[in-house]
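Enquirer: Listed here are the chains, written in short residue letters.
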Amino acid sequence: MFRWIARGLRIGTLTTRFPRQAPEAEALGSPLPGIHPRGPERAEALRGASACPTGAIDVDGDGVTLDLGRCIGCGLCWERAPASFVEGPSYGLAADRRAGLRARARWGVPPEVPARWTRQMPSLWRRSLHVRHVDGGSDGAVEFELAQLNAPQYDLHRLGVFFTSSPRHADALLVTGPVTSAMVEALRATFEAMPAPKLVVAAGADAISGGLWAGSEVTSMGVDAVLPVDVYIPGSPPSPLALIDGLLLASGRRFAALDRRPSLLEVAR
Amino acid sequence: MRALLRKADLRVEDDPTSELERRRRTGDRFVLLAGLDSERAVYVTSGRDGAYEPFVAAGAHLPDAATLFPSAASYQAEAHELWGTRFEGIEFDPGVRGTFRHRPVPSAGAALEADEPLPLPAPRLAGEPVVRIPFGPVRDGTVESLLHRFHYLGEHIVELEQQLGYKHRAAEGRLPRASVEQLPVFAERVSGPNGVAFALAMCHAVETASGITVPPRADALRAIVAELERVYNHFRDIGRLVASTTLRVGAAQAHALQEWTQRLGAGLTGHRFLRGVVAVGGVRRDLDVSGLAREASRLEVDARAYFEALEATELFVDRLETTGMLAPERARAWGAVGPVGRASGVATDARRDAPYGAYRDQAFRVPVFDAGDALARFRVRCEEVLVSLYLIREIAETLPEGSLRVSAPSSLPEDALALGWSEGVRGEVVAVLVTDGGGDLSRVVLRGGSRHNWPLFPDTVHDSFLMDYAINEASWGLSVASHDR
Amino acid sequence: MTLALAGLALIALAALAAFVVPGVAAAVPGLLAVTGGAVAGVAGVLALFAPMREIGLWDLAGVHLRLALDPLSGAFLLVMALGAPLLLMSGHLARAGRGALLLSYLGCLLLVLAGDAVSFLFAWEMMGLAAYVVSALYAGRPAYRMASFLEVGTLALLLALALMWSRAGSASFAALGALHSPDTLVFLLLVIGFGAKLGVLGLHGWYPDVYASTPGSVAGLYSGPIWAGAIYGLVRLLAFQRPWPLGWGLALLVLGVLTALWATLYSLVEGDGKQLLAYSTVENGGVALLVLGATIVFAGDQEVLLAGLGLVVLLYLAAHHTVSKGLALASFGAVEEATGERVLDRLGGLRLSMPWTSSAGLLGFLSLAAVPPFSGFVVEWFVFMLLFQEFRLGLLGARLALVVAGAVFALMAAMGLVAVIKGYSVAYLGQARREGAPAPREAGWSARTTFVMLALLLAGVSVLPFVLVPWLERPVGALLHVELAGRIAPGNLQLNPAYSSFAAASSTVLAAFVPIVAGLAALATWLAGGRSRRRVPAWVGASGDAGPGVQYGASAYTNPMRVFFTSFYRPQVEREGNHVRTRVRRWFVDDLYPWLSGTLDAVTGRITRLQAGRVTIYTTYILAVFVVALLLARLIG
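Protein chains in written order, with the numbering used here: chain L, 17 to 285; chain P, 737 to 1221; chain Z, 4 to 640.
It should be emphasised that the hints constitute simulated quantities derived from the structure, not laboratory data. Yeah, the Cβ is synthetic: ideal placement off N, Cα and C, and Gly gets one too. A portion of the hints provided could be inaccurate.
[Stated by the list, open to error] Per the computed footprint, the stretches of chain P lying under chain L, defined by three or more beta-carbons under 8 Å from a beta-carbon of chain L, are:
id : segment
1  : 869 to 883
2  : 886 to 899
3  : 916 to 923
4  : 983 to 994
5  : 1215 to 1221
With the rest of the complex left out, here is chain L (with noise of 0.2 Å):
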């Protein structure tokens, strides 16, 4: 066992700073696209729409509106149309309302930011959070970034934030994966095996509008399909840092104005 703390001591401490401090380079990944800061053009921009798998891009007479919870991040958008649309941030997008994931540009004007927070979460939770995960048909990916936030580097525990295995001593209820049809019950389940007051999160892009599965015989169209959602944490997986501010909004911390987190406009690298 000493051969294991002196291991431990040896390599010292991992943990980022975020999200008192803005998080080290290395930690951001799995970039989310953003419309370009001085506005889309409109031929590139039906080229981006054409191109991307989940028709996250909705072109119509006036100008652009991007779906950041239906991008599944694959770039295929601004590889394309560089011109109108640019690699964004991989956090911080994190909205209490479906609305607040649709970034809209008219032809030639930069984006609208949304409104991402609009409701005051109750100071029960700020202390501590507990979140009972139910995978609903995730690509598994998501679990990967969920399991990491207990990893040295990110310790989700020193946020007061914690996986409980017993919906009944959940607080928060957060989904994976476009709900498939077989585990529509074990959901609704889950949800009624939580005792009141609860939260619902959805984290990742198939959860919040059914991703690239969406429409299928046996998948929903995001989870709100089958219950009512509070958070939504888009991406494709959502990265740690992701997660983790999305949670830390669901337990009414307040980021001291929420501009430590970066907008849409700001580029990522």
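Since chain L is already given, all that's left is putting chains P and Z on it; use the hints.
Expert: Just chains P and Z, lined up with the frame of chain L:
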């Protein structure tokens, strides 16, 4: 070595039974069986030389291959449940939950849960004194959904009944509607942590079908990314195994190693899961491998020290020794793949037996053990991490110059069947593309190592102890999403 | 005395009625018998305060048969009366069984009233044989085995009484009591004799099978009055062997502890409810021997107060066991009758369908599990306090023996608790394990009346020990010539283990205190918001698999113990198709008895060869004996 069968030589076997028997006699390994529709199925086996041999069989009732190849049983069940294929002498009960079909087939346009879910199959053991413990589908921790029903006598597990398919997303049904350009994007997300291997297999199949050759620089970059994926997955599986033995400090250090590897990958490719690199005809963009060899060496030193520390921890090694025994004969008859197979003496590795890409020019070790217990599976993974880091160094240092991508075809050949494969983290990934008369995809099959190995897992849990179950499952390290698709 | 005789007469009348009257008035013999028992009990209480009374019966072959009622007999009459309500449930038995059962009970009372060796033996045989008749009506072989063990015991008793009689010159208990010459052979014979009934280690093999096949109320009588009769006999006849050598006490201590431990180990892994309770009875028999052994050790070292405490505890144990085991077996017997099942893993879910039976069973089982404030708790507390005061002894060996006995008793008490709680919760609580079986119907009015009467008696014994103990002190004080008044039950609601400075406990206060505290807690919860409640299904990982097969069973609950003590149990798991069975090794029944009977068979087989069956061989034998006799006569003469 690729496999492409055009309509002219797309033999529909007249006598699938004797074909299967012939392959059994020559010692072939069963790879997959996939239903194409209610009257046809494609079979793939792998010969002793490592070559994949597909054939298609047609008929109102196809022969029961499970008598010759035990692993065929679960594929036949899937073919029947999803595609309606029928097999000689096998009756499937439509009133009971199958593996992939948890609800009766819904009528068009009906809501997601219009009908009641089908009842679980009746428990295999009649009551007293046996107690039944249903574990799942919502299990503890951040793990994937599946149902394990233990028949339990108090510390002693008599039998384990496994029910998968909770995560079935009908991915194979969605894939044919994707454009050729988007196929790798879809394949990456069928099984997230194995995305590179799945995308590689898919791209190989498309490249075989279109007859295009990937430039060497792209091959090398693909190999680097594939090996990086192997490294971080193995770190994660080792971490879960160590955590199951309650050596928390050791587990934390494994997850730290995983995080370093994923950050290295993110710095290299821009995505923590190495997505957006593999594309049809090559890679989507260039990668800057300038510091990669040095980082890989540092990681190798850290990993080696970590593995040595684990092997020297008696408590840890004791828990793994003789736990979850998978007998080599059983593994061989099943054709177990990946680290699980290699830990039970089945020495298969698609990178060596049917080489593709940059592996054709590399010589590397494939670790094989005979013990078949959790310790052997752990050791296989440790060795593979070191081999992968070595490969990354080698390929990064000798990266050829050249183009990154050959232009993808606009369409695929008509009435063809194309096979593509790669060695994924948990076993070989095989992709089968079937096109129709108009050159459109009519069927896409994507089978990973987990799909093949999961039905074998309960064999190691019957007649064991509950305290060993968690360690055993962690030592197998299989992906449910890859199985359920 | 007259009252006691009146009681006996009522029971005899009831027995006659049971034999003669057809089934339509089945309740009548039961009611008569219960009344007779109650009358006898009252007589017993009165006898505690009166000097001994004797009645001569008739002369039989030179022996003057008599009945005597002294405080000790009175105490045991009270104990027997505590078991009388079980007779009310005898209406379920066949006519012959009913009558035999009542005769057996009559034998118990006669045993206690016997005043000389012959009537004692007569009553003992009546008690045993009538019990055999009842059991034989249900299962031949187990009853036969019981009879054979009991006859071995009776033989030993016969020899012991004969030895004492020859030494004293008269068969009357008064004469025997004036002997004052302890004889180890007699002691051993008495232990074998009464041990066969109590089930000491080696002679316990008949217990489980007989209890399994006999109806619950009958088994309750076996564990109650008949069992107490064995204790009475042991105390009475051993009292004739005073002064007691210290070695006897140690021997009884060891035997009692081993018996109790052995029985507890088997009750822990027993899957049949009645057999579990049978092993519990054997365990209590071991405890009785343990207490008696401690008494003799203390008496041998001149600690008369503690010896007196020991005997009081023994009497209290008899009362506790009669009423608690009677209630538990009556309840379980009703369950068996309603469901047709004895195996715990096939029962369950009776709380709502059989509320009376479940409540009665709860009280009985909790008392057996020694949960405060029931009588079992009082007994266990007393035994611990008795053993813990070993420091007052002088002899190191004796002190060590008592310490070890205390440690083993603690282990045994813990395992016994697990076993009894398992028995109750698996059988009565949870969901019914047999799917598709119809809901069982609640027991009839006779059973319910029995439950209520026994529950009230249990409450009395548990909550009013400060009344009962002074009564029990009287015979003990007379027997050991020690003044116990106020030392054990000092008049307030407490109990002391002979020395008030050592410890004190009060089941009376607990009985009042615990419900009050529980009620306050419930009120606090309700006020704090327990009003808003939402009922949701049990959480089974959302699998939807929440049927009866998912709840814990008896085997699963104690299988870890089976694995832990694997070298003792040698457990085996057998799988046939989709059925699984577990088995443990019964060392006596599976190994020792077959070996003994096999050896006996072999030896007697050899001897049988002497009987060649031919006249020529026999004449040769006669010739040989003649020759040898002549030679001997020549040599000696």
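Enquirer: Now, for every hint given, state plainly whether the structure supports it.
Expert: Here is how each hint holds up against the structure:
no., hint, in the structure
1, 869 to 883, "holds (count 8)"
2, 886 to 899, "violated (count 0)"
3, 916 to 923, "holds (count 4)"
4, 983 to 994, "holds (count 8)"
5, 1215 to 1221, "holds (count 5)"
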